[in-house]
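Visitor: Chain by chain, the residues run as shown.
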Amino acid sequence: MDILITGIVLGGTYALIAMGLNLQYGVARIMNLANGEMLVAGGFAAFWLYTGAQVSPILAIFLVAPVTFVLNWLIYKIMLRPLVKRAKTRGQLEADSILATFGLAFVLVGLMIWAFGGDYFSYSYLSRPVEIFGSNFGLNRVVAFICAVVICGLLYLWLNHSRAGMAIRAISVSPSSSGLVGIDVPRLSAIAFALGGAVTAMGGALISTFLTLDASTGVLFTMKALIIVIMGGVGDVRGTIIAALILGIGETMVASFIDPGLTLAAAYLLFILILLFRPEGLFGRRLT
Amino acid sequence: MRFSGDDWRHIAIAVVLIAIAALLPFGGNAYYLSLGVNIAMYTALATSWALFSGPTHYISLATAAFFGIGTYVTGIGIETTPYPMLLVLAALAGAAVAALVGLATLRLSGIYFVIFTLGLAEMVRQIVTWWQNQAGSKGTYVLTNLTEADIYWQLLGLCAIVWATGWLIGRSRLGFALRIIGDDETVASHSGINTALVKVALFMVSGSVAAVVGAMIAPRYVYIEPASAFTPMLSFQVVIMALLGGTGRLWGPLVGVIPFTLLWEVISSSFPNQTTLLLGVCFLIIVYLLPKGFVGLLQKIRMRASGESARDEALA
Amino acid sequence: MSAGGMNIGAPVLEVRGATKRFGGLIAVNAIDFDVREHEVMGLIGPNGSGKSTTLNLISGMLRPTSGSISLRGAPISNLPAQTISRRGVARTFQLVRLLPSMSVLENVKAGAVFGHRRRWGDEADSHALKMLERVGLHGRAHAPVGMLTYIDTKRVELARVLAGDPKVLLLDEWLAGLNPTELEQGIKLIRSLRDEGRTIVLVEHVMDAIRSLCDRCVVMASGKKIAESTPEEVLNDPQVISAYLGDDDA
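Chains as they are written, first to last, in the working numbering: chain A, 1 to 288; chain B, 289 to 604; chain C, 605 to 854.
In isolation and in its complexed conformation, chain A is listed as follows (with noise of 0.2 angstroms):
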């Protein structure tokens, strides 16, 4: 039981960054490969606001969004449209960003380490225990599973229930067809990318209350965001929250059934399960 819930509140965290890459490929349609190295610039900017400055995380989060949106607007803008305005076809796309992004990537870890140095940084916030049914968790897990499910469900309602959701929705389901009923595809890309980034880093600023960061674990998160993506099928919130659950869980069951050694292996192995049997993942469609 204790397992079940450790794993979800974990799952919740990473429902939170997985979307942040979900909005990016399946509307944007660029695999951000940096999506990992946003998360740890966000759980830097809280690490600097909450030992600096005693800002707490929560708050730190309406400081990271805005400045992060920016900043991968910016990034989308300059970097990456330039290559979706060459790419004569899907696949030139996906191999053209997966190198521009793993670039970007390495770029940022190189500035990160250059500026901060290569040490692991962590804090102490809201670590004390609190108790849900009986058993202890850190309060610090809780109320960040609490916050991500917050923003991921403003995100729910705004796609589903707003104009401009509706409209990013629809150009990940076709981008052509979209610019044809009048949506402005490159406008909204590139703020679907930007929100994207933004989403990544304030649950990079949420993860970085309860787990340990440094300038080169960004790889590990990009995967784990990558498999939940592809696990709840591309450009569905839905599925994401789910596959995010569903590695929170198993993740937590390997590490206190068989070995924590061996978390990322077992992940792999559910990947490699889904990509065999179910590619298109829970919810998405089958790509013709």
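It is worth saying that the hints were derived from the structure and are not from the lab. All values reported here derive from a predicted model rather than from experimental measurement. Among these hints, one or two may not hold up.
What the hints assert, rightly or not - Lysine-lysine pairs mimicking DSBU-like chemistry, simulated, CA-CA at most 30 angstroms apart:
1. A:Lys88 to A:Lys77
2. A:Lys88 to B:Lys588
3. B:Lys580 to A:Lys85
4. A:Lys88 to B:Lys426
5. A:Lys77 to B:Lys580
Start from chain A and add chains B and C according to the hints.
Guide: Frame of chain A, contents of chains B and C only:
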């Protein structure tokens, strides 16, 4: 198999160049020899990578996994099995793993393939680390009589084999099928090509070579542990070198390996923390400036030169 | 007797109850028809009626949701495209698909090398050259594909398809997008294929072509077959007319 006059000329040039390269250990300079080993190693890895990833446009990041498997084959077997046998076992192990991975993922779009291979080395590393912990040790010793020069010649020989294989494939039905798949996979399958099988076959070649490279290099490390054997950095480096040089020609990766290796040497000795930054910058250069590598750049220059001379002739 | 003068033979292609669903959309709804040896069969109907999808089911590009398709009695409905192609079913595409990095000759060779008569080397080259002559592209073997006119790209694709010695030819709106001169040339070319006795399934919109080339027509609308007969009868059928023009003009 018919060889034209041009073919014999190319073969002769290649043989002469390889013979010259084989003289390096006799120069007596240990630093250059060590550099030579690095270059030979990366050339074998990058060229075999390009045999698969070039025509299919599938970016494989699994090189580190195969390499690591190869090092461990040597590490585990060095006490009990004759060395040449180890190389054969490594080749088979690499081919087998590549076949499994290939059959599972090549039927899907390229993006799934990249992501899966990205995690493969990590997953294998985690498993090997865990297994070593269970067995009670942190790493494995590899003690042999092989010198640096021996390793160099072996790698050079492997490079020659890879080039010969690539050359022969290029002239065969398999090579033609590969080019067609790279141009338009739908046309390929409607022309009777079993695209999945072709892709898996080439993937097995590149996995097998990477494993043999790993097996050959293990004696150089003396002590191997999962973190160094399966370092994901290797996969990225190989991708960069092959793309920087260009996968359009068999000698393309070589042209990417040499400058990159030298640059890496310089950066890692002067600014050891900035190697990651170097990798990132190189990726960006490839995407934005050199999409077809140096080979592509050379072709553009040649075309412009012949275009200009044709125009000059027309105006004269 | 086919319009080409050869005796129409036994059924080569049998489509029985072929259905294709995309989620809630039924693109092809329980289609039944035969294609007999040496005949040219037209598959016509308004846009969106499921003609190309039916062709995709036959060539293996898509798998039928239910129903069966057989080639001379042997089922091919769930086989991958490359196997179906090797068994002798070849097709052209609605949007011409040429291999951009190769010359005209190599494009045609691609059809000859992997088919059921696996040619290679000089044999493949000379066969490909013969195919190029057949479609009227004599002497263009080494032209880069980027420089060809629209109808020439279609000829190259046709040559590629013919290079595999196919038993059944599926032409997906091959005459679409051609100007009047090109259209005349195109119809002549297909007529010459018909005169050789080839079995052809023609998905077309161009009524002239259908009238002059086809022995029989199957008419589709909204995924279903609504008529099957000679071109004359089918094009005068009030149901067919209303499917094309809407009920007001019938």
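Visitor: Determine for every hint whether it applies to the structure shown.
Guide: Outcome of the hint check:
{"no.": "1", "hint": "A:Lys88 to A:Lys77", "in the structure": "18 angstroms, holds"}
{"no.": "2", "hint": "A:Lys88 to B:Lys588", "in the structure": "20 angstroms, holds"}
{"no.": "3", "hint": "B:Lys580 to A:Lys85", "in the structure": "18 angstroms, holds"}
{"no.": "4", "hint": "A:Lys88 to B:Lys426", "in the structure": "49 angstroms, violated"}
{"no.": "5", "hint": "A:Lys77 to B:Lys580", "in the structure": "24 angstroms, holds"}
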